[in-house]
Structure formats: C-alpha cells, structure tokens
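Please arrange chain H on chain W, whose structure you already have, making use of the hints.
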Amino acid sequence: MKFDEKLPQGVQDALNKGLLGRLPVTFQPFTRQHLRDWEFLFPRERQSVLRLLVYLSGLNGNELAARFREVVQLEEKMGVRQWQFSTDEQTIQNASLLARSGHYQEWRQAVQKIFDAADEHAGKDQDKGRRRLIVLVLPQRLPLERSQIWQRWQGVGRPIRLDLTLHGAAKSAADALIFGTPNVSDAPNGKGPLEMAARGPEASTADAWLVEVGQDLAKSALNQAAAGTSEPAAMLLSHERLAEFRDQFSHEINSIRKDLSDADGVYSRLRKMDVAPWCPAEVAARPVVREFLRTLYLSGNGALIFGNSFVEWCASEALRRARPSLLVAQFGVRSKPKPFTSVAVFENPDQINPLPAVEDLPGSAMDAQILAHYVWLAASRYDEYRSNTVCLCLAESLAEAYLVAPAEFALWRQAEPVSLSQLRQSLTDWLAEEVG
Amino acid sequence: MKSVADFVSRIRANGSESSMNRSRRTFLQMALQTAPGLLASLNLSRFSFAGTGSHGAGGSGQRAVLVVFGGVRRAETFSPEGVENIPHLAHDLLPKSLFYADARNEGVTAHFNAISSILTGNWQRVDDWGKLAPTTPTLFEHFRKKLGAAQSDTWIVASNKALTSLIGASSATDYGPPYGANVVFPKQLMVAAVANALRAGRTGNLADRAKVESELENMLEAGNYEGLGWTVSDMADRLDPRVRDTIEQAITSFVRSGGPTSGDELTFLVSREILRRFSPRLLVVIFSDVEVAHFGSYALHVAGIRTGDRLAHQLWQEIESNPEYKGKTTMAILPEFGRDPDGSATNGFFNHRGDTDCTRSTWLMMLGAGVDRPQIVERPVRHVDLCPTLASMLGCPAMESQGTRLTELRG
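Quick mapping for you: the protein sequence lines, in order, are chains W and H. Numbering of the first sequence is given in numbering that gives the first Met the number 0, commencing with residue 0 and proceeding in unit increments. Numbering of the second sequence is given in numbering that gives the first Met the number 0, commencing with residue 0 and proceeding in unit increments.
The following block holds chain W by itself, in its conformation from the complex:
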C-alpha cells in the first residue's frame, strides 16, 4: 500500500508559518485531525487533504480571508467563540453544537464551497475515469419475492437471469464469481475481478474490498493468498470474524453515561486503545484497516449490532473514503429480537438472554434488500461511480441479478440466462479494459 507520500514543500512551509491557526475555528478540527492521522488515511483521502492544503497555501493573507469570509461570518452568528468547541479533533460535542445551531445548514454549504474551490483548483482527477465494479450479494438463504425485489431500484438498471449451477469447490455463487472454480475457465492467467481491481503501478489493497456478514469470502481470499504465498489482494472485513472487536467495543460504549462530555471521554479512550489484540490476523496486520474499523464502530449506524448494517455502513464508508475499484458486499441473516431484553438493543442478546437465538429470515431479507440498494446509492453520490461502473446485485435464491451498467458492458443486453463463468468473465473483462 502506498502511504509514503510527503507533503509538498509549499504546503509544509505554509503549515510551518501557521496556516492552520489562520483557518476558521470550525475548519480546524477536520484539518488537524487528518494531518495527525495521516498514516491511517487511504490514498484518496490523502489526495483530498493535499488538494485542500495546496490550494489554501497558495492564497495570500487577503485571499485567504476572502475565501473564508462566509464561514467566519457564520461562526460569529452561531457564537462559536462562546462554545466549548475542540479545534484539535472532531468530537461528538462539536457535532452536537453545530447541528443544533440555526445556521448549521448555511455553515455546511459554506464549508463545501471551500472544498469545491480546492477541487476546481486541482483540476481533473485522472482516477475518476477508472472502471469500477460493485457486487452486492443477497445470499441463498434469504427468502426473496421475485415480483417486488427490484422495485426500490426504480428502473435504473435491469434484471438479468442467471444459471447459478455451482462447479468444483465453490461454496456459493458469490464465491465462484469472485474466486472462480477449478472447472471454470477464468480470464487469461487465471485472473478474476479481484486481481483486476488491484492491478497497475498505482494500485493498492484499498482498491478492492470484500465486506460480509459471514466469513466465506474472507476465508476464500485467505486460502487463495496462502496458496500463492502472498497477502490477500483485498481489504477483508467480516462481521463474524470481528466478534471480539465488537464485544470489547460495545462493552466500553455501554459504559457511557447520559452526558455528551462523558461520551467524548469514552470515545477518546476508545480512540487510543490498542485494538490489535481483538482483531483477526488480516485486520491486525494492517493499521489503516484497524483504524478504519475503529472509526466505523465509533460512528454508529448499527455496525456494532447487526451484521447487515455493518456490511452496508462499512461498504458506504469504504466508497466514501477509499473509492475502491471493486467492492463486494455480502449480506446475511440476523436473529429475531428476544422477548423483554430486546429493549437493551445495544447489548449482545446472546449474553444477556439465555433463550436460544432464532433466525429472522424474512426480516433479514427485508433489511438486506434496502441496505444493498443503499450501497449503490452511496456509490452514486460520487463522480467516480456515476459512469464507468457496473453494479450487480445478486439474488441467489432467485437465480437473478439486477444490473446497473453502461451500455458497453457485455451483458447489458443479454436475454438468455447467464452462467457464472460467463458472468465472472464479463466482470473481469470490464475491469481489465482501460477507459478509452
């Protein structure tokens, strides 16, 4: 992974001359925290911070003041100077103070204008033109209803029929699609979508992500890597394999008293804790992934509680922060809430209630369908995924997929059922070709 970029001399000089201190109060926590956490940022995030700093360091004093005038005026209206506002890091207290200000939305827009100006100053981002692939998996066990399953997608793509006959040792259609099978002819040199995503001189493992409720994909990736005596070519994040991380984190978070300052205290403690002992090997070995997870769990959105929420939020955050070429998100099954103790939804139900867990298959299917769509919607927010991206939502129990793709994607007009090998080949070819 390439995390060895140095700050340009101009930026370093500007920082040495106190650039950060001249930024508006509400702009400082983001900037300071990102510089401090530099080693835990993904390449694309570093690029974004650099763009901002290069832009700001190129402005003289008057230009800088003019650029930030709107933000500063809003800060005065909001009374930021009277707040207990951390300029060092982004805190819950900060977020709460900003959000309940009557000028919050104006402030957000004013801040966005600064980032837009920095992007405009930096010019075209070549990386935005790369081809990308998103695979969303609704696994076999989820009961799905053919007549309604794609309604949420509102016609943005089309369903395609699949022949999901499994060959060889493949555990599932998704497994065969990503890792291939001995009986299926793969792309030249036996490469599949995973290898294609992580190719090229600028590639890093942050270009490919496998996120799942269970651990089948992670195990296959680890087996494949072991066979090739190399590291897995992707970020591997399995809800199931992160059980200890979750339990330890939940235990700490549940100790929060009903008080924002205490919440920030606990969060601060959690930010400093050594989480490596709680991680599976593939996470423990990669500090950037460990920190990604720490931030993910601290940001809520059910990632600590429900596997499908973890997959959706993890995938959405990966898209936002790393803009990978390949993202595979496999959903799964959660249990029904247990009687009485379900009120304590933030506790591990299996630890506080001895009643056996009962799977909620229809509920899990309902959750997974909307959350899979949310992953696509999350991708759609970014330029990188608005064109040149194939998104495939695989409904294993229906032998069907929903395909969102540019017209040049090979299977876009396919009428006959598509075999797994055909599909794998097409997805591999898609990532292999450069945009013209």
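The hints are all genuine.
Calculated lysine-lysine pairs in the DSSO-like style (CA-CA distance at most 27 angstroms, straight line):
(1) H:Lys160 - W:Lys337
(2) H:Lys145 - H:Lys325
(3) W:Lys16 - W:Lys112
(4) H:Lys95 - H:Lys325
(5) W:Lys218 - W:Lys170
(6) W:Lys190 - W:Lys170
(7) H:Lys210 - W:Lys335
(8) W:Lys335 - H:Lys160
(9) W:Lys335 - W:Lys170
(10) W:Lys112 - W:Lys76
(11) W:Lys76 - H:Lys130
(12) W:Lys123 - W:Lys112
(13) W:Lys190 - W:Lys218
(14) W:Lys337 - H:Lys210
(15) H:Lys144 - H:Lys130
Hints are computed from structural coordinates only; laboratory data are not their basis. For clarity, every value in this text was computed on a predicted model and none was experimentally measured.
Using the frame of chain W, we list chain H on its own:
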C-alpha cells in the same frame, strides 16, 4: 363502501414516483371520500364541551392526549406505499380525523429538542441529551400555573431514552418544576432491570416471564427513581402507593399477557393505567420502537411503525370507552420528524439529521372533541402550532409561543 386500499391501488396505477405530492394529496382526499358512511355515522353532537370531571380546577373541562411517535417518514406511513404499515391510522382513525397533511418540524430534528418544541410551542435548541430543560414554559406548566391544576393532572409517559425528567418542566423564570408534569419512562425500568440482572449474574431470569416480572418489581422497590429518570408527584424514597400500584398493574399485564414485549408496549400499558386511575387532563405518550432504525434494521423499524399504529388506536379506543374521557377529549398524533431520504449522506432511514422535506415534513392527526368535522388540511402547519392549540382547548389563557393556534379546531 370502498376501502382505502382500493383507492391506494388506483393511485398506484395512476400515479408516479415523481408526482409524490400530487399522489399524497389524492391519496388523502380519497381516503376521506371512501368512508362516507363512516363520516355520516359520526354523531357530531356528542362532541359537546359540557364535560366535567376535572379535578376541581379551572379550564374548559376538556382533556387532551398527545401521542408522539419517533421519526417516521411519509414513505412508510401516509403514502400509497406506506399505508399498509398503518392500517389503524389510515382505515380506523383517518376518516374521523382532522388531518394536517404537512406538519413541519422547523427546529432541531433530534429527540429532546423536537419533543420539547412540541411541548412548549417554541423551537428549542438545548442540549440533545436532555441535560438542559426547555427554556420556555411547557404546556404542563402553563396549564398548571394558570388553571391551578394538580401535578397528577399532567403526565408524560415515554419510551425514548434520549429524554430525561427535564422534559417535564422548563427553566423559565416563574415556572419550572413546581408546575411540571409527572414524568415516567417505563422502558428505562426494563433497561435497568436487564442491566441489574446482568450485573448480578441473573441473566437466566430474563428468559422466564415470571422472573422477569420479579426483576421489574425489584427495580420499583429499589427506590432509585431518579436513576430511572422519573419525576412523580411528591416522590421521595418510595413511590406513592397509587402510582406504584399503577405501574405494577401495567407490568403484570405486560409480562403475563404473552403478547409482544417491546418498550412501547409497556409505555402503552402504563399510559392506560394512568388514564384509568388518575384521569389526567393532559397526558403525553411518546412511542419510540421505530428508533431501532438507528441500528439499521428496516424490518424492525417498520415493525415499530405497525406497533405504534396499533397502540395509538388502542389508546383512542380506551379514551372512547372511558367515561372520564369520552366526548370531552381531543387526541393528537404526530411524529417528532421524518427520517432522512434514501441516498442521503446521512444514511437514509437510519438517521434524522437532514435538512430535507423527508426529514422535516410529517403529519398531524387530530381526533375527538376538538374536531368539528373530519377534513384534510393541506396548508403547512408547524409543530409549534400544536401547543397553543391544545392550551386554548384546555381553557388556558394565550401563551407566548412561536406557534399559532390551529383555527380548524374548536377551543
């Protein structure tokens, strides 16, 4: 008579996703038109204002019950797609209601501020976690101070864990706790019982209904009501025996009924017991099962909507069957806010932070004595309008409010 569902099907056939407002309007108009028999059968004369039974204090003799849901979007409730989640609101209650189709939260879309804005008629911008009381008087304080009502006449029963007892009274000069409401958080009792059992290594008890009852009663006996966030009349170390009996009866119904066991179920049962035993003139009930959405389960969120729909209807049935309330009670039902739209940077239905119509625009249903005739009001109204409206209905003098009394209601 055709059902609402028939008309929903017609709307689905004729409408489109891009014409949501038109679709909503048509849906609601048709929903009213579908029930001419129901409307004709309403004996409006029974909604007289001759009711008595107030506790010796002044006022109109009217009563108010306010039901507040957590965040629910229009898409999952009053829309062609969402109506299946609210069969009672849409089929049983809408045809007899005064329905405001666009009731807006223009304040902070977080729980404590949203609820305290509704209860004070002023947009509150205090601490989100209930560390600070609302800064202007609540309806409870206004009602009690101006009309001399007793504390037992005003209750708030809530599931939402973002609330604290400070929701019952403001920090305003000359008002405050001496005029505040009784505040009870039944779900907090359950959460505390679970935590207690966990600490004491008695998690086995939580799988046995009889033992769950005993765990909950142990919490009542423990006497640390402030720890539960409660404020109840003259509360010292022990609950007033009537209050204690009320809660115990609700717990018994909750545990032994064999029915659902969510926080809102217990909140409903406690509310019902309070209605039966104390007959308060002003009761606020806050349901929040829907807030499981924060954890990302859409199925459980929708289940929470269905639970709220059923419990709101049951509460209305209780009012209609209770002589202390029948014919002299106005019930208002509204969500605190919507939730964020699908595809938002705030993760859609999980949260309620967006500055969008999806998050800010909700609905308000009024039922009972204050309703002259069922109708749908399309003009936007604001959450802060409800407080001065209810105050007027209860016979209070006008209060200082950013809201305006809703003129379609009596009072």
